[in-house]
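Protein chains in written order, with our numbering: chain X, 7 to 820; chain F, 2 to 114.
These aren't lab readings, by the way, just hints derived from the structure by calculation.
In this text, a Cβ means the ideal position worked out from N, Cα and C, and glycines have one as well.
Incorrect hints may appear among the rest.
What follows is a set of in silico ranges between Cβ atoms, one per label pair, in the way DEER data are often shown [said to hold, decoys possible]: (1) F:ARG67 x X:ASP188: 33 to 39 Å; (2) F:SER64 x X:GLU372: 46 to 52 Å; (3) F:ARG67 x X:SER454: 37 to 43 Å.
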Amino acid sequence: MAAEGFEREPVAALQEAITRHAQSSLGTPWWELSSRGQFNAVALAVRDFMIERAVETERRYHLRDPKRLYYLSIEYLIGRSLGANLRNLGLYERCQQALTGLGSDLGRLEENEPDAALGNGGLGRLAACFLDSLATLGMPGYGYGINYEYGLFRQEIANGYQRELPDNWLAHGSPWQIPRPDEICIVPIYGHIEDATDRHGIYNPMWMGWRALIGFPYDMLIPGYGGHAVHFLRLYSARSSRDFDMQIFNDGDYIRAVEQKIQSEMISKVLYPSDSVIVNQELRLAQEYFLAACSIRDVLRRFEKSHQDLRDLPLRIAIQLNDTHPALAIAELMRVLVDERNLPWEEAWKVSQKCFGYTNHTLSPEALEKWPVSLLSRMVPRHLQIIAEIDRRVQQRIAAAPEPALLDRISPIDKREPQQVRMVNLAVIGSHSVNGVSPIHTSLLQNSLLADFCSQFPARFNNKTNGISPRRWLLHANPLLSDLINATIGDRWIVDLDQLRSLEAHEKDSGFLEAFRRVRQSNKVALCQFVRDELRMSLDPHSIVDVQIKRIHAYKRQLLNVLKITYEYIVVTEDGKTPPVPCTYIFAGKAAPGYRLAKQIIKLIHEVARVVNSDPRSEPWMRVLFLPDYRVTLAEKIIRAADISEQISTAGTEASGTGNMKLALNGAVMIGTRDGTNIDISNAVGEENVFLFGLRSAELQVMREKQSYRPPALCEQDSRLRRVVDAFRSDLFSRDEPGLFSWVPDLLLDSADEHIHLADLPGYLDAHQRASHAFCDRECWSGMSIRNIARIGSFSSDRTIREYARDIWEIQPC
Amino acid sequence: MEIETEKKDGVTIALIPVKELDAGNAGELKRLMAPVLESSSSVVIDLSRLEFIDSSGLGAILSWLRQMSERGGDLKLCGLTKQVRSAFELVRMHRIFDIFENRAEAVRAFSPR
């Protein structure tokens, strides 16, 4: 299916638009522009096309007045937009021709675009894929987020240690952002409640003494594939309400006036890295409230343009909370309905609850957000009152509960001192739908993390398995494979990923197989070239490319991967046994700046790499490397070249995972645990086409309950484990700094190791051995790879969005 | 800055003469309004010129109502622009004030039935 966007747009018209923007928007003739300037001119020209379609889309929606979805997310991990937008608009090839004619090159210009890294990982990338799917499906749905001036930090490696540098992605402005000064909103914050009575003698709390923030919206346009619908992602920047607080200025304290302005603008200054200690971070709470308040104001403004009765709100809008970060939106909507629009509480609650859906993304009780009551009382006193009222009414409703402790657990406010607001409780109670993101995750939510809620509100719980955008993760990320697929089965797969199934019919077709291997090999050669340029390191493009690319975190178990590499190194160097095929182990990922263990793991990977890569005994057989500054653009380069996809989180810890889907879609074969969507991918592509290992979540649960994990005993039984542990005891990877990795055996031999590394290591080693042997059989490996691609169709975010639309949002294509 | 006042049917009508009422001028306005409030037990405040009001401005108007109530008088508002009305609603002040479209309606509301 060819994109139906601008296929008739002549190349000359594109050239005219580009050179016009060079001249009139950038003030420089095209031929005098730098590469970055040329990128801006092209982006502005593309933006014009998108604006045209966005206006048409909005007009169509306005006439048909469909129900709309508003997706609230504190993160959007967008990456670069130029190439992806051009492909969705059907303009990529013609733009390439236009630029060739202008003496430039599209690929080169794309490299000038900074990644929009307004997210940490899966949660933010999911949001970006969802917006792509909503626009492609023509379902009226829009994203709301924060326009962080600094995205996720840039990662540099110095002597094996991670260093964080600011990511000032907006330093030169972004051609994609459209400022909307006419749609700013005022957001009150801080202040106090003045108790009073109204004209009828009824209690009337008044929120006084607040400071006003300005939410200044910037729209990024989101073109669906084919250009039929162009939506927007609205990102808010925080501004001071006045350039200076006049009273302070008049008093002569200029510095304090400036400080207050800066303090206001700080709110959208920087994205918080995940896993950092967010507890009691006032600025983070201000961000969450700012997003909630700006979004609700804008959603209501849009609704009230063509509707009057707020009781109709759930018929016209749905709001999805991507995790609990925007959950204050529930209190904000209630505040507006009750305080400003005079709806009785019960009516407002019904309206609000029918509007909200909540997606949970975690299984870790420690990761659930809580905010001190004292902080909310200072920052959003009226919202705290509303949450307290929700709390009171919940208690009333379930007062007859058989177990009194249930009331305490379910209440939005944890009454133990110091009192805290539990955001997950607020989100579940305030929403009509609560969903997990994979079947196992949802089941664990229902039976464990949120079991109390499930017992009270069972109908709310449902599963929506995550998905990825085929446009971003195959069409854009892997043009060679896309072209081959198009030539083999046509291009319907771009909007209907299940179509890939028909690739299986070509599995034995020697011509296709040959072309398939050529494509994969070309991608591997390109990655080797990239690594040579970046790290000055040469790789064997015929080796297995084995990748673990994701945030560095204990539960994702990069350490387990290191243990496997360690064992392989020992076998090669001490036993003289070589593996059946050389292997290149690639790591990439960022550690949260305050997460010590994750940063130690990065150092460990680098020291293991240094030893393995410089040992002449192992060097021909194994290479280990860490590609710095993992981001969407780097992921695209690695994923298309990967043979093996490492998805080895501890069972029961990864809610879904989407890296596993991206890699399978590009033909990598998974070595994975039975965790998150690994299970579903395995079911979809066939267990014979992946390499599963490790304890299941239920087995682990039993082990924990019985406290039966005894790592020293495991070492005694299995010499492989012993040798690995001894390698760290003997400073194999830290000769110059003895004891540097003494934490590794300490962690491994501790029966409290919640990620049971040594329990899963034997199975993991076996899985690798099986994978290496399978790789040596070209026919076998190509077959597995093709079946992974062909059977991954149900993991398209288009499927996910259709399910949300059908079951939760009740929106339709329009 | 000067407060324009007029008297109608025994009611004092005061026009707030600024477009913006915020921390920068709320103090001065309070000072200027004091004699107006002291001179009458029935006051209408005309906010029709006001386009922006912040928390300090709202606080000033609330203090006028409290002063009048303490003295047994009454104060009504009229001429709120959309933005100012929104600010009142934001803090729920619209529930404690008598608010009218225009001066005539506000003055009429003081008349004995």
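These are the hints, each one checked on the structure:
1. Between ARG67 of chain F and ASP188 of chain X, the C-beta spacing of about 37 Å keeps the proposed range 33 to 39 Å intact.
2. Distance hint for SER64 of chain F and GLU372 of chain X: a CB-CB separation of about 47 Å, consistent with the stated range 46 to 52 Å.
3. At roughly 54 Å, the beta carbons of ARG67 of chain F and SER454 of chain X sit outside the given window of 37 to 43 Å.
The earlier numbered hint that this structure contradicts is number 3, and it is the only one.
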